[in-house]
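Peer 1: Spelled out, the chains give:
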Amino acid sequence: MPKQLITLIVNGRRTEVAVEPRWTLLEMVREELRLSGSKEGCGTGDCGACSMIVDGRLVTSCLMLATQVDGRDVVTIEGLAKNGRLHPVQQAFIDTGGVQCGFCTPGMIMAAKSLLDRTPSPTLEEVREGLAGNLCRCTGYAKIYEAVMHAANAGK
Amino acid sequence: MRTFEYHAPTSLNEAISLLQEHGEAARPLAGGTDLVVQMKEKATKFAAPSHIVSLLRVPELSGVSFSESEGLRIGAGATMSQVADSPIIRERYRAIAEGAALVGSIQTMNMATVGGNLCNAAPSADIAPPLLAFEAEAVIVGPSGRRKLALEEFFLGPGKTALAADELLAEVRVPLPPPGMGSAYDRHTPRKQMDIAVVGVAAALTMAGERIERARVALGAVAPTPVRAPQAEAALEGQAPSDELFARAADVSAAECSPIADLRGSAEFRRHIVRVMTKRMLREALDRARSG
Ligand SMILES: Cc1cc2nc3c(=O)[nH]c(=O)nc-3n(C[C@H](O)[C@H](O)[C@H](O)COP(=O)(O)OP(=O)(O)OC[C@H]3O[C@@H](n4cnc5c(N)ncnc54)[C@H](O)[C@@H]3O)c2cc1C
Ligand code: FES
Ligand code: FES
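Quick note, the sequences are listed as chains A and B, same order. Sequential numbering of the first sequence, starting at 26, is according to the numbering used here. Sequential numbering of the second sequence, starting at 19, is according to the numbering used here.
Bear in mind the hints are in silico, worked out from the structure with no lab data behind them. Ideal Cβ positions, reconstructed from N, Cα and C, are used throughout, including at glycine. Any given hint could turn out to be false.
[Said to hold, decoys possible] Between beta-carbon pairs, the in silico distance windows are:
id	chain 1	residue 1	chain 2	residue 2	range
1	A	Gln125	B	Ala285	40 to 46 Å
2	A	Asp142	B	Pro161	39 to 45 Å
3	B	Ser83	A	Asp80	16 to 22 Å
4	B	Glu255	A	Ser146	44 to 50 Å
5	A	Glu150	B	Ser83	27 to 33 Å
Let the hints inform the model, and build the full structure from the sequences given.
Peer 2: Rendered as structure tokens:
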């Protein structure tokens, strides 16, 4: 199948990409745009490691076709740090030790950022719900929830 | 994934023409949370489509709207997040908002559409029992125009609907709930989020004073399609609500469904859960009907 040209905004920058119709958004971002922060854990929407924000909404990029983001706005984990400064959620994960092997971390941080954008002062229960689509094999989640609560408080 | 040609029509007519042109080789794509997963599976149940018709840009399918004269319209392309967050649905059609809020994670809800949930026709589809309890109608569009079908007649079996290959589900119409109606939906799953219903139960009760004027009970994951429980409804109507009445109706609904056994539970276990969940949803619907 011939490639198709799409235009989108990735991390604030207008980008043109030639994509194969069968590529997922995740494949395009990792393999064509060479932004490898987003991970593929399951490929079936279950683990959240591939989470990105499309038009302001959190999605699993392994289930979205690249062609479906034509004309849209995509934010990946690489887009969070500004002027060499980490996003408060990223900083909080470091400060509280919410990272072990790090595989789930980009997705966790995208989900946490998206939650805090909607709910700046979440309860622990809201944090649990907001991250329910993100699996971690290492930390047991306590440190991750702590990091998000910490970032919320830091943002006040 | 096998390769395919991608089409992004910008009107309903254009989408239908594409489906007509490519017939069985074409497949509509909405949020992709069922279809993309299926297309990635090596042994797919259906022939891998060679044409994908994306519905993302079809404006006729989008959004939720409401009027006192026409009731509720949910576009097939409305996402579960839009439905779960809609103030009018939360207020007047509570069970529908509850069903939408259960579909996977935030990520899933942001992508998954009502149309995709219904057209994928899983017996466990969480938006189906609440819509059945509200007696929703499917509005179907094809080359020869529009037709309406009671949602009950839309589901034909697991993965099977009344849609022809060149037809699309355009929207769902839900009648205005009568005054004094309360509704509720919940499901039983081992895990609270990110799981598929072992049993789902929706109930809607309309009270006239101290009598149940109208009762609707709908069940998910206990038959080849989502179903109403007409005998349980009949047992409730005209009666004064009580724990004994609800227990009796729950026994009836457990007896009239036809669950299968699979890795999520035996048939007997499912009947037991239907009984427990029906009682619970009836009580919840009654409380909500009373508190207006
Ligand atoms: C992680 C995860 C968790 C999930 N959890 C749940 C859950 O808890 N409960 C639940 O019910 N489901 C769940 N699902 C399944 C899925 O998210 C829903 O069924 C969803 O609503 C499907 O909508 P979609 O827009 O993604 O459909 P798609 O995958 O785009 O399409 C599904 C099917 O419908 C057809 N279709 C779509 N729109 C139309 C239309 N307008 N007219 C005709 N045909 C159409 C497609 O051709 C396809 O066959 C889950 C999925 C994932 C990945
Ligand atoms: S890789 Fe997308 S959800 Fe697991
Ligand atoms: S830190 Fe290893 S998977 Fe979460």
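Peer 1: Which earlier hints turn out false for this structure, listed by number in ascending order?
Peer 2: none
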